[in-house]
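Colleague: The residues making up each chain are set out below.
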Amino acid sequence: GQQVMQIPQYQHVQEGEDFTTYCNSSTTLSNIQWYKQRPGGHPVFLIQLVKSGEVKKQKRLTFQFGEAKKNSSLHITATQTTDVGTYFCAGPRRRDDKIIFGKGTRLHILP
Amino acid sequence: SQTIHQWPATLVQPVGSPLSLECTVEGTSNPNLYWYRQAAGRGLQLLFYSVGIGQISSEVPQNLSASRPQDRQFILSSKKLLLSDSGFYLCAWSAIGAPSGNTIYFGEGSWLTVV
Chain A
288 GQQVMQIPQY QHVQEGEDFT TYCNSSTTLS NIQWYKQRPG GHPVFLIQLV KSGEVKKQKR
348 LTFQFGEAKK NSSLHITATQ TTDVGTYFCA GPRRRDDKII FGKGTRLHIL P
Chain B
221 SQTIHQWPAT LVQPVGSPLS LECTVEGTSN PNLYWYRQAA GRGLQLLFYS VGIGQISSEV
281 PQNLSASRPQ DRQFILSSKK LLLSDSGFYL CAWSAIGAPS GNTIYFGEGS WLTVV
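Keeping their order, the protein sequence lines are chains A and B.
My numbering numbers the first residue of the first sequence as 288 and each following residue consecutively.
My numbering numbers the first residue of the second sequence as 221 and each following residue consecutively.
Be aware that one or more of the hints could be misleading.
Unchecked claim - Computed list of lysine-lysine pairs in DSSO-like fashion (alpha-carbon distance at most 30 Å, straight line): (1) K385/A <-> K338/A; (2) K299/B <-> K390/A; (3) K385/A <-> K299/B; (4) K344/A <-> K323/A; (5) K390/A <-> K357/A; (6) K323/A <-> K343/A; (7) K385/A <-> K357/A; (8) K385/A <-> K300/B; (9) K357/A <-> K299/B; (10) K385/A <-> K343/A; (11) K343/A <-> K357/A; (12) K390/A <-> K346/A.
Worth flagging that the hints you see were computed from the coordinates, not collected in a lab.
Looking at chain B on its own, in the form it has when it is part of the complex (with noise of 0.2 Å):
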């Protein structure tokens, strides 16, 4: 069966300071992988999509970057935080060339304060 991880869980960082999130995903081949920010009390905003090692795709200007070094292994970076970047981070994938809408399989999250 199919695993998404995602690490670390929480982390408290001061502004200006970098920042690396990583995820990985097992049991499936060439899925597409995603990362979301949740603010508190708020909705699901996708900030970038791959669908391929290298092929990075951003949804909104910011100050963060994505990266896809392997097939199943989906990075979030940043070389200076700020604190509008405080937020829940969750890296997600789904099944590459499945029907339209396919399913979204979100991985345990990051909680970042940035402070």
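Excised from the complex, chain A in its bound form (with noise of 0.2 Å):
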């Protein structure tokens, strides 16, 4: 079936350094979305890419949208100890536009 899948699964990084997480689908997507969920906490939307190539910004974190529309990336620069948590890229499934998730990357900030 339809699957989003996400890389890498766990990531550490020293305070200041950046982060690059990606996500692909098995299909291609009419948007792709992205989300956050802090330890011990729900996920919360950050954002949604909708056009092929899209770029958007939020202050340190940076979402692309890929050309083919099967790939998006997350970019955070100069990472701080509040980007801890589980970033998640999601999709519409293709047969009845349910949102899939990707199994998420853990980012965790050594000081």
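Take the two lone chains, each set in its own frame, and fit them into one complex as the hints suggest.
Modeller: Below, the structure is given as structure tokens:
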């Protein structure tokens, strides 16, 4: 069935270093969404990308949607301790538009 | 503004006991409603979704069930819990009729430990 895959599963970075997580879909997506889940919390919507090749920025976070609309990335510049958490990408399932999530990338920040 | 409430926040239940998790959404009408489960350190698994009162779709075979007795109320139940049912359960909603890929808004979750 249709899958959304994320790599890496875990990432440890020193505070101040950059971080990138990658998302790949087995099928073309009409759009892609990113969510952040803080430790012990619930996922919170960050952003949605719709257009092929789209790039959006939120302060130190840069989101990209691939030209083929099958992959996406989230890049964090100069990580801070507040960036700790799990980042999920998600996209609509082709057969019924229900949102399916990747397994997430868990980010640890080393002080 | 829309809000979603989910309870209880945590519970510890013995194997074989029943389960009832409840979720309500306020500030919107006729939402899509979802139950997700997140095992420790794992991704989000869609368990059930509902597009209207009494309309429930199940994603995976299991000993859990869901019901939607009112427009903005979604209940997750089990008659007999298994150890493997332990996890973090998240209720969520999205706007019905929105463009493809509408945003999912999650409740604060319920931590279930089956002992």
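Colleague: Each hint: holds or not?
Modeller: So, going through the hints one by one against the coordinates:
no., hint, in the structure
1, K385/A <-> K338/A, "holds, 19 Å"
2, K299/B <-> K390/A, "holds, 29 Å"
3, K385/A <-> K299/B, "holds, 27 Å"
4, K344/A <-> K323/A, "holds, 15 Å"
5, K390/A <-> K357/A, "holds, 16 Å"
6, K323/A <-> K343/A, "holds, 16 Å"
7, K385/A <-> K357/A, "holds, 17 Å"
8, K385/A <-> K300/B, "holds, 28 Å"
9, K357/A <-> K299/B, "violated, 41 Å"
10, K385/A <-> K343/A, "holds, 23 Å"
11, K343/A <-> K357/A, "holds, 17 Å"
12, K390/A <-> K346/A, "holds, 25 Å"
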